[in-house]
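Asker: If you want the building blocks of each chain, they are given just below.
2 protein chains.
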Amino acid sequence: MPATKVNLADKFATFDEAWRPKVVAQLDDYEVKVVKLDGDFTWHKHEDVDEMFLVTSGSMSIDFRDGSVDLGPGERIVVPRGVEHCPRAKSGCEALLIEKAGVVNTGDAEPSALTAGPLDVI
Amino acid sequence: MPATKVNLADKFATFDEAWRPKVVAQLDDYEVKVVKLDGDFTWHKHEDVDEMFLVTSGSMSIDFRDGSVDLGPGERIVVPRGVEHCPRAKSGCEALLIEKAGVVNTGDAEPSALTAGPLDVI
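Sequence order for the protein chains is A and B. Counting in our numbering, the final residue of the first sequence is number 122, and the numbers go up one at a time with none missing. Counting in our numbering, the final residue of the second sequence is number 122, and the numbers go up one at a time with none missing.
Result set (EDC-like, lysine to aspartate or glutamate): computed pairs, CA atoms no more than 16 Å apart in a straight line: (1) Lys5/B to Asp70/A; (2) Lys100/B to Glu31/A; (3) Lys90/A to Asp70/A; (4) Lys11/B to Glu94/B; (5) Lys5/B to Asp63/A; (6) Lys5/A to Asp63/B; (7) Lys100/B to Asp29/A; (8) Lys5/A to Glu75/B; (9) Lys45/A to Asp28/B; (10) Lys45/B to Asp28/A; (11) Lys100/A to Asp29/B; (12) Lys100/B to Asp28/A; (13) Lys22/A to Asp120/A; (14) Lys5/A to Asp70/B; (15) Lys100/A to Asp28/A; (16) Lys45/B to Asp108/B; (17) Lys100/A to Asp28/B; (18) Lys11/A to Glu75/B; (19) Lys100/A to Asp29/A.
Some, not all, of what chain A presents toward chain B, calculated at C-beta under 8 Å: (20) Thr4; (21) Asp28; (22) Tyr30; (23) Val49; (24) Leu71.
Stretches of chain B that chain A covers, calculated by requiring three or more beta carbons in the stretch to come under 8 Å of a beta carbon on chain A: (25) 19-31; (26) 59-73.
Because the hints were derived from the structure by calculation, they are not lab data. From the three backbone atoms N, C-alpha and C, an ideal C-beta is built for every residue, glycine too.
Sequences and hints are given; from them, build the entire structure.
Answerer: Structural data, given as structure tokens:
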């Protein structure tokens, strides 16, 4: 068989750590990741890539320099390249991230404990 | 504000027709589409692009030449480029499609009533 299915809930159930995206699909030069969010992330931007968040459970917000967008389950936002943003969420928020392969989660921010190394493919 | 959110359920509620993907997100050279599936599609392949289906409600199957994969809500599959496949579903199935912009839904199959023209961005 040329392809197998993946159940996203099963993948979310395999880890607890927040802000550590895991790759659940690779297609062309793109990746789909699952991520758990908890608390405030860090202000950053991705200079050359757009980034889509799709909340699957819980709720999160994306702060921009001129306002915030609140997202619940089944809601998506595309953060355009070059735009500073800071995600934040209450505990229990799960989301999909869709973006080009190789994107560093903290973008242009100084590397910190929030910076994920090479991502696990799960 | 540099970005606005989109509620996918709201977008699904705006149309009824099956096999007519609508674009709900554009990022880089990629698109995320909503699509309703009903009945048998047509055998086809996409020579140069991978294609991801993520079921959001109902159930669908993807037939390959050597077997089938059944998908329910929260399950995804990536159909590799060049691989013949034929989606089918019972009425009521809704899914996200993630793939490069410009992909024709019927791929290399002879154009037919199932072939979608330029896609609406909703």
